[in-house]
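K.L.:
Each chain, letter by letter, is given below.
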Amino acid sequence: MKRHDKWATTLLASLACVALFALPALAQDKLFVASEGAKLKADKSASSDTVAELAVGTQLKVEGQEESWYKVNAGGKSGWIYRGKVSETAPEPSKQGGDNLFGGAGSSTIMVSEADSARSMRGLNESEQAAAKAAGRPARPLSDYKSALDKILAEKVDKKEIENFLKAGHIGEYAK
Amino acid sequence: MNAKRILTLLCLCALVALPAMAAAGFLDNLLDPNSKERKMLSGAQNVLGSSQQMDYKSERAIGERLAVEGLRRYGMPTTNQKMQHYVNLVGMSVAMNSARPDIPYRFVVVESPVQNAFACPGGIIFVTSALMHTIQSEAQLAGILSHEVGHVALRHALKSIQRAQFFSGVGQITAATMKGDKGAQFESMISDMQNVLFDKGLDQNMEYEADASAMETAYRTGYNPAGLMEVLVELKRIEASSPDKKGSWFSTHPPLASRIAKNQAQMKKYQDAAKLAVLADRFKSQAR
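For the record, the sequence lines run as chains A and B. The opening position of the first sequence corresponds to residue 1 in this note's numbering, with each subsequent residue numbered one higher. The opening position of the second sequence corresponds to residue 177 in this note's numbering, with each subsequent residue numbered one higher.
Hint data in this document are derived by calculation from the structure and do not stem from the laboratory. We treat Cβ as the ideally placed atom computed from N, Cα and C, and that holds for glycine. Among the hints, a few may not be true.
Claimed, not checked - Pairwise CB distance ranges (calculated):
1) B/Thr255 with A/Ala135: 16 to 26 Å
2) A/Asp158 with B/Ala275: 31 to 41 Å
3) A/Asn73 with B/Ala388: 29 to 39 Å
4) A/Ala130 with B/Arg464: 31 to 41 Å
5) B/Asp231 with A/Glu163: 29 to 39 Å
6) A/Lys176 with B/Arg464: 21 to 31 Å
7) B/Ser461 with A/Glu155: 17 to 27 Å
Build out the structure end to end from the sequences listed, making use of the hints.
P.N.:
Have a look at this one:
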């Protein structure tokens, strides 16, 4: 009878342990890269060597956490990643056929339907008259808006510039 | 022997009954039209219903068309190139850590006395010069831009116009598919979207969702996530005396008080927020 009690206690304790610790532990033991430009660093500092550049969606095995950094393993490579670059769930894959973040936005494609027929050109001029009246300004030709939009789309920043910008502001992984 | 049997039975009960009870609760809740579960389900249906056909190029084409309307309605881009480039740097920094980091965003400040910011589908994001004047730090700008990036990432404008029939059969918007009736339907859809973006505003829940997403994005980037809320507080302060309410943040967004309260509640998540970047001085040197 005594042996049974001991067995029961052990089983109950094990069940309690499983219930209390297993689920949270499982939830944290893997993470996914969720940001563009994420880097696996040799140490928990942005100024340490870059072990690898990690693509969005890369699965990471978590080996530890210190301050704002996770110690992780990414496909056999070990290193550190800043907390802002990861999420607990896999990010939505880019199923929409999007360009990448640092890709060129190209020149505007506005709007094929306006540009390809005289009928819709007149339509736009009419709507421009109405828009100008509503905004209390003189009407402009379509080409003004097209070139303004092209200029907006041409305003480009690259990865290196962003990195320097974040570094200069001591932002995120570059915090002092 | 009895103890063993009872324990085995208990374990089995626990294993089988708990998930079953949870599932039964879920199903019951699903039948309640006001339940969280029901809202989640209808949210999923909306996503499938309105955006499954659209590829990025088409989304971008719609966005560019709306961007032209934005320029006509609010004003042309500012000639302050330093400010324009700075806003793009802050915008891209937060977009990298947003829920949709893989499309080319562009940010533009337009000369306008109206306090507003809005996002065209595909990632062209507008901020008016008046709102730039209200903003006092880089963390505040990051909050506003993250809010707009959130709308793009969550495809809010597209979900607002339930024009599934327009998109069905049009995988991509091209010159060929825009001829005739389809072209007319496209123009009518653009007009509906303008109404949503510039006059009526998006659904209130979409605004709350974009706020929550903005705070998360700003925090992940390393900015103090309180920035967005600080701008809302300032907008609330100047709301009464603001002359241009038509087409502004005031007329197209939910009441500021309720948003401020919700954001304040979310701030509890970010225990180390006060240690994060604010950069009021850099903002003033680059955006004035």
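K.L.:
Determine for every hint whether it applies to the structure shown.
P.N.:
Consistency of the hints with the structure:
Between B/Thr255 and A/Ala135 the CB atoms are about 19 Å apart, so this pair conforms to the stated range of 16 to 26 Å. As the Cβ distance of A/Asp158 to B/Ala275 is approximately 22 Å, the hint placing it in 31 to 41 Å is violated. Judged by the Cβ atoms, the range 29 to 39 Å given for A/Asn73 and B/Ala388 holds: they are separated by roughly 31 Å. At about 35 Å, the CB distance of A/Ala130 to B/Arg464 agrees with the hint of 31 to 41 Å.
For B/Asp231 paired with A/Glu163, a C-beta distance near 31 Å keeps the hint of 29 to 39 Å intact. The hinted range of 21 to 31 Å is satisfied by A/Lys176 and B/Arg464, whose Cβ atoms lie roughly 26 Å apart. About 20 Å separates the C-beta atoms of B/Ser461 and A/Glu155, a value consistent with the hinted range of 17 to 27 Å.
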